[in-house]
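> Take a look at the letters that make up each chain.
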Amino acid sequence: NAGVTQTPKFQVLKTGQSMTLQCAQDMNHNSMYWYRQDPGMGLRLIYYSASEGTTDKGEVPNGYNVSRLNKREFSLRLESAAPSQTSVYFCASSDLGPNYGYTFGSGTRLTVV
Amino acid sequence: ELKVEQNPLFLSMQEGKNYTIYCNYSTTSDRLYWYRQDPGKSLESLFVLLSNGAVKQEGRLMASLDTKARLSTLHITAAVHDLSATYFCAVVGGGGADGLTFGKGTHLIIQP
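Chains as they are written, first to last, in my numbering: chain A, 53 to 165; chain B, 3 to 114.
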């Protein structure tokens, strides 16, 4: 049972380059999320998807786009990376059943130079 | 706008001592979560608190929730070095739908 899988684990980009962070879950969860974590800031929600085919902005969506490809996969795209996007990115999914659990991926550490 | 505040943000304590981390939130929410994060790792779920007066315990950690005061506490009893980590509380709401809004975290160092 893999849970939430993120790729890649590490990435270095030059300013202006683009890339897509991939996330997949195998728990049949409806909701998926992308967060970024910066030192001293906790985690902040970038985008979320309450179900397949829907996406909505979170607290810090500027500079990002997302795609909910199917129920399992939720990708995050940086069209033109900026140094301010240097961060650790976490994908998560949630079970709104009795456990109300959120499962987090292992994270992607992104550096933009 | 939902805000979640933790204090303290940094705590250094000795093994064997007791201490409490506080989590205040600004608007009504029906779910509160506590997570642990080790350096360079992902978040590990500790507790889910779903109702007023809820209390959960796991080993040396105990969490409680007072929805009227919008306050949760994470109490550490007889701390051991292995509990050194960063602890986050998070509340449902504010981030859209059922997204979590996190506190900034409490960096806990337990010294032998």
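Hints may be right or wrong, so weigh each one.
Coverage of chain A stretches by chain B, computed from C-beta distances (three or more under 8 Å per stretch; other residues unrestricted) [claimed, not checked]:
#1 62-70
#2 117-123
Just some of the chain B residues that point at chain A, by a computed CB distance under 10 Å [claimed, not checked]:
#3 Tyr-35
#4 Tyr-37
#5 Gly-42
#6 Glu-46
#7 Val-50
#8 Ala-56
#9 Lys-58
#10 Arg-62
#11 Phe-104
#12 Gly-107
#13 Ile-111
In the BS3-like style, the derived pairs of lysine-lysine whose C-alpha atoms are separated by at most 27 Å in a straight line are [said to hold, decoys possible]:
#14 Lys-43(B) with Lys-70(B)
#15 Lys-66(A) with Lys-123(A)
#16 Lys-43(B) with Lys-58(B)
#17 Lys-109(A) with Lys-66(A)
#18 Lys-61(A) with Lys-43(B)
#19 Lys-5(B) with Lys-109(A)
#20 Lys-106(B) with Lys-43(B)
#21 Lys-61(A) with Lys-106(B)
#22 Lys-123(A) with Lys-43(B)
#23 Lys-58(B) with Lys-19(B)
#24 Lys-43(B) with Lys-66(A)
#25 Lys-5(B) with Lys-70(B)
#26 Lys-109(A) with Lys-106(B)
#27 Lys-109(A) with Lys-43(B)
#28 Lys-43(B) with Lys-5(B)
I should point out that these hints are in silico values taken from the structure, not numbers from a laboratory.
Built from N, CA and C at the ideal position, the CB exists for glycine as well.
> Determine for every hint whether it applies to the structure shown.
Now the hints, each set against the structure:
no.: 1; hint: 62-70; verdict: violated (count 0)
no.: 2; hint: 117-123; verdict: violated (count 0)
no.: 3; hint: Tyr-35; verdict: holds (7 Å)
no.: 4; hint: Tyr-37; verdict: holds (8 Å)
no.: 5; hint: Gly-42; verdict: holds (8 Å)
no.: 6; hint: Glu-46; verdict: holds (8 Å)
no.: 7; hint: Val-50; verdict: holds (6 Å)
no.: 8; hint: Ala-56; verdict: violated (12 Å)
no.: 9; hint: Lys-58; verdict: violated (13 Å)
no.: 10; hint: Arg-62; verdict: violated (22 Å)
no.: 11; hint: Phe-104; verdict: holds (4 Å)
no.: 12; hint: Gly-107; verdict: holds (5 Å)
no.: 13; hint: Ile-111; verdict: violated (16 Å)
no.: 14; hint: Lys-43(B) with Lys-70(B); verdict: violated (34 Å)
no.: 15; hint: Lys-66(A) with Lys-123(A); verdict: violated (32 Å)
no.: 16; hint: Lys-43(B) with Lys-58(B); verdict: holds (24 Å)
no.: 17; hint: Lys-109(A) with Lys-66(A); verdict: holds (25 Å)
no.: 18; hint: Lys-61(A) with Lys-43(B); verdict: holds (11 Å)
no.: 19; hint: Lys-5(B) with Lys-109(A); verdict: holds (17 Å)
no.: 20; hint: Lys-106(B) with Lys-43(B); verdict: holds (16 Å)
no.: 21; hint: Lys-61(A) with Lys-106(B); verdict: holds (23 Å)
no.: 22; hint: Lys-123(A) with Lys-43(B); verdict: holds (26 Å)
no.: 23; hint: Lys-58(B) with Lys-19(B); verdict: holds (20 Å)
no.: 24; hint: Lys-43(B) with Lys-66(A); verdict: holds (25 Å)
no.: 25; hint: Lys-5(B) with Lys-70(B); verdict: holds (16 Å)
no.: 26; hint: Lys-109(A) with Lys-106(B); verdict: holds (21 Å)
no.: 27; hint: Lys-109(A) with Lys-43(B); verdict: holds (26 Å)
no.: 28; hint: Lys-43(B) with Lys-5(B); verdict: holds (25 Å)
The structure fails hints 1, 2, 8, 9, 10, 13, 14 and 15 (numbered hints given earlier, in ascending order).
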